[in-house]
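Novice: Sequence lines, in order, name chains P and W.
Our numbering puts the first sequence at residues 9 to 277.
Our numbering puts the second sequence at residues 9 to 277.
The set of hints was computed from the structure by calculation and includes no laboratory data.
Misleading hints may appear alongside valid ones.
Copies of one chain are not kept apart here, so a pair can be met inside one copy or by any two copies together.
Cross-link-like lysine-lysine pairs, in silico, PhoX-like; alpha carbons within 25 Å at most [what the hints assert, rightly or not]:
(1) 163 to 179
(2) 259 to 42
(3) 179 to 35
(4) 237 to 81
(5) 274 to 22
(6) 179 to 16
(7) 21 to 274
(8) 170 to 156
(9) 170 to 35
(10) 156 to 179
(11) 52 to 35
(12) 259 to 202
(13) 264 to 170
(14) 81 to 21
(15) 264 to 16
(16) 262 to 274
There are 2 protein chains.
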Amino acid sequence: MTAQEKLKNRIEKKYHICIGLDSDVNKIPQHLLKFNNPILEFNKRIIESTIDSAAAYKINFAFYESWGIEGIKTLEQTIDFIGDDVVIIADAKRGDIGNTSLKYAESIFNHFRCDAVTLHPYMGIDSIEPFINYTDKISFILGLTSNKSSADFEKQILSSGKFLYQEVIEKTNEWNINNNCGLVFGATNISELKENIPSFNEMPILLPGVGAQGGSLEEVVSTFYQNNKNNFIINISRGLIYIDETESFDKSVKNKLLELNQQIAKLLM
Amino acid sequence: MTAQEKLKNRIEKKYHICIGLDSDVNKIPQHLLKFNNPILEFNKRIIESTIDSAAAYKINFAFYESWGIEGIKTLEQTIDFIGDDVVIIADAKRGDIGNTSLKYAESIFNHFRCDAVTLHPYMGIDSIEPFINYTDKISFILGLTSNKSSADFEKQILSSGKFLYQEVIEKTNEWNINNNCGLVFGATNISELKENIPSFNEMPILLPGVGAQGGSLEEVVSTFYQNNKNNFIINISRGLIYIDETESFDKSVKNKLLELNQQIAKLLM
Numbered sequence: 009m010t011a012q013e014k015l016k017n018r019i020e021k022k023y024h025i026c027i028g029l030d031s032d033v034n035k036i037p038q039h040l041l042k043f044n045n046p047i048l049e050f051n052k053r054i055i056e057s058t059i060d061s062a063a064a065y066k067i068n069f070a071f072y073e074s075w076g077i078e079g080i081k082t083l084e085q086t087i088d089f090i091g092d093d094v095v096i097i098a099d100a101k102r103g104d105i106g107n108t109s110l111k112y113a114e115s116i117f118n119h120f121r122c123d124a125v126t127l128h129p130y131m132g133i134d135s136i137e138p139f140i141n142y143t144d145k146i147s148f149i150l151g152l153t154s155n156k157s158s159a160d161f162e163k164q165i166l167s168s169g170k171f172l173y174q175e176v177i178e179k180t181n182e183w184n185i186n187n188n189c190g191l192v193f194g195a196t197n198i199s200e201l202k203e204n205i206p207s208f209n210e211m212p213i214l215l216p217g218v219g220a221q222g223g224s225l226e227e228v229v230s231t232f233y234q235n236n237k238n239n240f241i242i243n244i245s246r247g248l249i250y251i252d253e254t255e256s257f258d259k260s261v262k263n264k265l266l267e268l269n270q271q272i273a274k275l276l277m
Numbered sequence: 009m010t011a012q013e014k015l016k017n018r019i020e021k022k023y024h025i026c027i028g029l030d031s032d033v034n035k036i037p038q039h040l041l042k043f044n045n046p047i048l049e050f051n052k053r054i055i056e057s058t059i060d061s062a063a064a065y066k067i068n069f070a071f072y073e074s075w076g077i078e079g080i081k082t083l084e085q086t087i088d089f090i091g092d093d094v095v096i097i098a099d100a101k102r103g104d105i106g107n108t109s110l111k112y113a114e115s116i117f118n119h120f121r122c123d124a125v126t127l128h129p130y131m132g133i134d135s136i137e138p139f140i141n142y143t144d145k146i147s148f149i150l151g152l153t154s155n156k157s158s159a160d161f162e163k164q165i166l167s168s169g170k171f172l173y174q175e176v177i178e179k180t181n182e183w184n185i186n187n188n189c190g191l192v193f194g195a196t197n198i199s200e201l202k203e204n205i206p207s208f209n210e211m212p213i214l215l216p217g218v219g220a221q222g223g224s225l226e227e228v229v230s231t232f233y234q235n236n237k238n239n240f241i242i243n244i245s246r247g248l249i250y251i252d253e254t255e256s257f258d259k260s261v262k263n264k265l266l267e268l269n270q271q272i273a274k275l276l277m
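Bound-form chain P, shown alone:
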């Protein structure tokens, strides 16, 4: 199955929550520390309890790279455990000159076998092209991010009157000839979301920023609904995977996910 098909299957069921596996040994339930690999154990239980109802998984590469080879092994094992039915987004935020981006694309799509990736637009199409040459994968380009300092550059006004992030959205639309581009758009920017949603066209939108960062799930969903669009996934990491520190954390995460799915389905009715 292509990444596009996998995502479509989930969205058709009104599953819009992407589970962010920002798994940190200092934040997982402490009883897991008795296991040989606590992070892998944590990820497996989260995945087992959510795989039927998640829209996608987003793996934050930084959290695995930061502990070296063991982290990379755990990343690989986590990806294996998720399997082939649901989109795995490598949240790696890569972007480099052509021959180097080609290596990053090989790394993420061939070696780690992820379905999608997040990419920095700063260096332009040369840095994106090696990724979008994989037509059965999805490349999510950073449009407007969820952090405060997105104002530093993303919200700079160009001489054309557009914001920089709007120029990124426009160019991403141009690059989307194979229907394999998407955008990252922070859920903390609701007014910008309302203003720019028509320019997303049919591209899938990955929205971080709900939960720990303060974005509103209800406002995001309503905005897509009001614009007759459903091609969006809302990432929740810390606000979902760490809600319970007890031995039954996996059940709590599952229940929370089902609750969010219900809430979203209701908003989309």
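Following the hints, put chain W in place on chain P, whose structure we already have.
Specialist: Same frame as chain P, now just chain W:
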């Protein structure tokens, strides 16, 4: 020694060539394939023959990540082999929201023990701060890159009349309160280099793009010389490490480096 001291020591000797270890098993001398780990063998020989006369090493993370755990091991072993006397730049082009950039910074500075890193500015100061909190390391922010599509966004004109990359340079200067910021400025942009060099102030400049990408070493060096600046390093990767396919490739690379050093010293006289 801090990264700043290591770099200063080399630049005082008029060593300005940063050796880019974009080591690719398809491009290294083929007789090395008989070794257990041809890339490690290649890197070791390059390092052994150049360590006394290089300004720095730049390790292109993509080339190691793309072969998974074995690649990461080789990355670690290469860093160990370089040792503590010369700046190791993690050319990783990272940048994410604060808590994630913190993990990337831990990865690059604590786990891999690199002295410097390259960073995407797109997401603003939140994404840079966790790196520049390491005051004895150098964070090279992407200003104007060497690739053609730097025109897509970096050369967009802002409503202020400045180019986006100039706004990045300005903000990087503001962030540089601990003298640990630097800039990446592509050697393929000579007219922009001449125009913007005064705005670099005392920051170290990493210039890729000489060699395979077509930038002129002579023009870069002359521009710094004419502006009474010497805080620059010119990265050469493919144009240096792959110049000889024979068994004595390491001697050829050494000779080429010494020749480049002489050429630069002459231009700086």
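Novice: The structure should be examined with respect to each hint, and the outcome stated for every one.
Specialist: Results of checking the hints against the structure:
1. 163 to 179: For residue 163 and residue 179, the Cα distance is within 25 Å both inside one copy (16 Å) and across copies (14 Å).
2. 259 to 42: For residue 259 and residue 42, only the intra-copy Cα distance (20 Å) is at most 25 Å; the inter-copy one is 52 Å.
3. 179 to 35: Neither. Shortest intra-copy (39 Å) and inter-copy (34 Å) distances fail the 25 Å Cα cut-off.
4. 237 to 81: Neither way: residue 237 and residue 81 sit 38 Å apart in one copy and 45 Å across, limit 25 Å.
5. 274 to 22: Classified as within; 10 Å inside a copy, 68 Å across copies.
6. 179 to 16: within (24 Å within a copy, 41 Å between copies)
7. 21 to 274: within (13 Å within a copy, 69 Å between copies)
8. 170 to 156: both (19 Å within a copy, 23 Å between copies)
9. 170 to 35: neither (41 Å within a copy, 44 Å between copies)
10. 156 to 179: both (24 Å within a copy, 15 Å between copies)
11. 52 to 35: Only inside one copy: residue 52 and residue 35 sit 16 Å apart there, 39 Å across copies, limit 25 Å.
12. 259 to 202: Neither: 35 Å inside a chain and 61 Å across chains, both beyond 25 Å.
13. 264 to 170: This pair counts as neither: shortest intra-copy Cα distance 39 Å, inter-copy 48 Å.
14. 81 to 21: neither (32 Å within a copy, 42 Å between copies)
15. 264 to 16: Within one copy, since 22 Å is at most 25 Å while 54 Å is not.
16. 262 to 274: Close inside one copy (18 Å), not across copies (68 Å); limit 25 Å.
Of the numbered hints listed earlier, those contradicted by the structure are 3, 4, 9, 12, 13 and 14.
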